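S.K.: The chain contents come next:
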Amino acid sequence: MRDSGKRANTTAHSPLSTDLLRRLAPRQVLTSLAERRNYRYDAIQFGETPLAVVLPENTADVVVAVKAARAAGVPIVGRGAASGLSGGAAPLRESLVISFTRMTGLRIDPVRREAHAQAGVVTLAVSDAARPHGLIYPPDPASFRTSTIGGNLAENAGGPMCFKYGVSGDYVKGLEVVDAHGEVHTLTRDAYDLAGLLIGSEGTLGLITEAALRLLPPPRFTRTLMAHFPEVGACAEAVSQAIAAGAVPSKLEFMDRACTNAVEDYLVLGLPRGAEAVLLVDTDGDDLETVEEERALVEQACVAAGGTVRRAGTDAEAAALWQARRSVSPALGRIRPQRMNEDIAVPRSALPEVVREIRALGDASPFPVVQFGHIGDGNLHPNILFDPRQDDAAAVHHLAHQIALVALRHGGVLSGEHGIGSMKRDFMTDALDPVTLDVLRDVKRTLDPADLLNPGKVLP
Amino acid sequence: MAHAVDACVHCGFCLPACPTYTLLGDEMDSPRGRIVLMKEVLEGTLPLADAAPHLDRCLGCQGCVTACPSGVPYGELITAFRGWSEPQRQRSALDRGKRWAILRALPAPRLFSLAARVGQFAKPLAPALPAALRAPLDLLPERVPALHSSPKVTRARGQQRGRVAFLVGCAQQALAPNFNAATLRVLAQNGIEVVVPDGQGCCGAAALHTGARAEALSLVRANLSAFDPGEYDAILSNAAGCGAGLKEYPAVLHGEPDEPQARAFAAKVMDVSEYLFQLLQAGDLAPPLPASRPLQVAYHDACHLAHAQGVRAAPRALLRFIPGVSVLEVPEGDLCCGSAGTYNLEQPELASQLGARKASHILSVQPDLIASGNIGCHTQIQSHVRRARSRVPVMHTVEVLDLAYRGEL
Ligand SMILES: Cc1cc2nc3c(=O)[nH]c(=O)nc-3n(C[C@H](O)[C@H](O)[C@H](O)COP(=O)(O)OP(=O)(O)OC[C@H]3O[C@@H](n4cnc5c(N)ncnc54)[C@H](O)[C@@H]3O)c2cc1C
Ligand code: SF4
Ligand code: SF4
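Protein chains in written order, with our numbering: chain F, 1 to 460; chain U, 1001 to 1409.
Please keep in mind that the hints were generated in silico from the structure rather than gathered at the bench. Any given hint could turn out to be false.
Just a sample of chain F residues kept apart from chain U, beta carbon distances all over 10 Å, derived [what the hints assert, rightly or not]:
| # | residue |
| --- | --- |
| 1 | Lys67 |
| 2 | Val111 |
| 3 | Thr146 |
| 4 | Glu183 |
| 5 | Arg214 |
| 6 | Pro352 |
| 7 | Glu357 |
Going by beta-carbon spacing under 10 Å, a handful of chain U positions derived as facing chain F [what the hints assert, rightly or not]:
| # | residue |
| --- | --- |
| 8 | Ser1030 |
| 9 | Arg1034 |
| 10 | Ala1052 |
| 11 | Cys1068 |
| 12 | Gln1160 |
| 13 | Pro1177 |
| 14 | Leu1285 |
| 15 | Pro1287 |
Keep in mind that this is a model prediction, so the values were computed, not measured. The C-beta atom is built at its ideal place from N, Cα and C for all residues, glycine as well.
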């Protein structure tokens, strides 16, 4: 490197990094300040600069790293693509970050309809590799071009397809996991379903190194439509009516006016800027008649609720609409540089009321509050947009708490798919009764007695 | 720079669009990582020398700009940062010499051509040379063609329908003189008079993007006085990198007294494919003769056309306009081929890995011909396709059109 001679003395020579450098290849251990500063954030927040970063290339490297951290008494934070939205991969203390982005081994077994993916495989890569065999991997978080399988399973990520096809965890047949002691386990879904326990545990119970994933043949036909509504509640009404009438769309996604405009600024697709709510729907299946019938049911429900419907004429048009939906969350950066992102899930019947109440909270606050989400599952992402240079963090936090309470009041939960992380940890005491919380703490203590794995996350 | 840094919501959507992240798999060599590094250097929490190796690896391909839903102007950011940081860099003598040579030779076609000829004789010695000197030799064609200069005015054939000014470019005059010759013929064929104004020179992009701001400014101003936008329907370039550079002039001169002049100039700048596509849409493009056999053309998106200028549909439409030609899409088509201006010379290893990766993706669709709209991509792809032992021809989009007009495709 041309500047190496002039490098400032910013390399951390902690006993841990010295030990790691002895046991692993130099390219696998990052110790310079520039490198470490880059491993302290995820997509929502910045944490402590780690003491060192390891980029393992196989499970044995992970074992080495865990044992070294354990010997040094340093906490361990697993990291995928750091696209997480709850602060999960941002260390709360000086830690060892284990970043899985170079563990990208992927093998498709077309006969058993399985993918064997190392933790760092990018979500979309699984479907891309499976497609030549006539198979797909349905879980499709909006971040699927970036996020990793390890991160998806640690957060039990969902996506538009999950309304009909289920979330990431539903596709796990087995996991390979390195525990807090550096031991390697192969977990299946039989009793006790320990793989299930690891799914959604946000790196606090073990590190996922590999997964066996179930693949499906893709539906033969897909139809896409967009509807827009003059009022948000009407959109929620339409969804409830369509489902009650017997439609099982594969995707049902909602975005409010501010979201639509932010995306339109990016993609210029001719989205209806004036609409208060935009609904995107896919119906799919192997029988064209049923697929079109289902689309007709959704159309009728939308029109009855006062909506205007537009069908996607071509695959390219459908693809553009879905790209629009996936871009919502980052496009909000055009409105304010920061956001507090929520991930509530409420019973579908309560949706119209919940959407209106959150809207009212937003209107009464000094912050723009926008809403979008997987409306089919009642999974909403209200986002509070703010500017950290001038806005009061406590006021943002207070509003976030109020929004969380709306969800809980209507029988909902705090996290549909993004996890608790550090962002929503404080609200856990509202969400769970003390007895259940104690059980969760017992589980954590049993698997990670020294509290080395992602400390300070999930459990209050 | 601050507003550009703040616009990043660190979502990571740009990671898969970044060639260096794709190769290296670490955050420091990703767009998001680089933005954080620039921010920290600007805020004084990180020494420049620590961040520099990772910022130097950035190709400036702007793949991340296309991928970013937040609208972070990464291209402007890295250019401004390089301009700001270059005077503070401490570089080795060899390094300084190399940069000086590049910045001198590129804008001077004669010098470049001479260097290329000398280099050509050095080619057999390549295995014995250090990597830094070997890389540029690898890219030289087997035969360096004679330097060809374009006539000052090329008259329209038939009824004149338009008048454009043409930037002849630097390196490509030496390496691929037929690009310009074909461009002039295709435009003339379509009733367009082409003027090559005196006093024009290098667009300045290479200097600007490597942080040599003073050099860049004088090149930019020379062009502003050579081209009077009021005189032409459009100012055309047939090199994606130069076209993108010309379109950047208002940003370069932002806040300077001649900014309005730069705006008027940039408003007229078009890539040759954009201009021809406009004619096509108006029904004014002369129909080419059919290809002699059905031809599958793999079209390669040059970063500075697709990402920097948003020109994707036009060249494809022009190729499809030729009867018998179909256009193939290349897997991973959004990822840079590794040529990226002077990158080949500064980061030979990464450039070579990217070139090999691109060649294998292009060849995977089994094309009869490869087309693109940029001299840098052209030499990079040609060199790596040949290394993969394929003889598939590599051409500029206008060369394909030109052959079709002449019935030689
Ligand atoms: C714009 C945007 C849109 C999004 N859309 C969706 C969406 O539609 N649905 C959805 O569910 N999520 C969504 N997300 C959130 C995020 O992409 C998901 O949570 C994703 O699963 C995170 O994957 P990752 O690889 O980035 O993990 P990271 O962010 O790196 O890590 C997430 C958590 O997993 C842990 N972890 C990572 N790898 C491992 C491992 N190998 N073993 C154990 N623990 C590990 C980390 O410690 C952390 O707690 C979105 C994010 C963004 C920025
Ligand atoms: S996509 Fe844009 S906002 Fe997101 S991390 Fe990259 S540059 Fe930042
Ligand atoms: S310009 Fe290209 S190389 Fe540089 S950060 Fe963006 S995508 Fe990566």
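S.K.: Would you mind marking each hint as holding or not holding in the structure?
M.R.: Against the structure, the hints:
| no. | hint | in the structure |
| --- | --- | --- |
| 1 | Lys67 | 23 Å, holds |
| 2 | Val111 | 25 Å, holds |
| 3 | Thr146 | 5 Å, violated |
| 4 | Glu183 | 26 Å, holds |
| 5 | Arg214 | 24 Å, holds |
| 6 | Pro352 | 28 Å, holds |
| 7 | Glu357 | 26 Å, holds |
| 8 | Ser1030 | 8 Å, holds |
| 9 | Arg1034 | 9 Å, holds |
| 10 | Ala1052 | 5 Å, holds |
| 11 | Cys1068 | 7 Å, holds |
| 12 | Gln1160 | 35 Å, violated |
| 13 | Pro1177 | 34 Å, violated |
| 14 | Leu1285 | 24 Å, violated |
| 15 | Pro1287 | 26 Å, violated |
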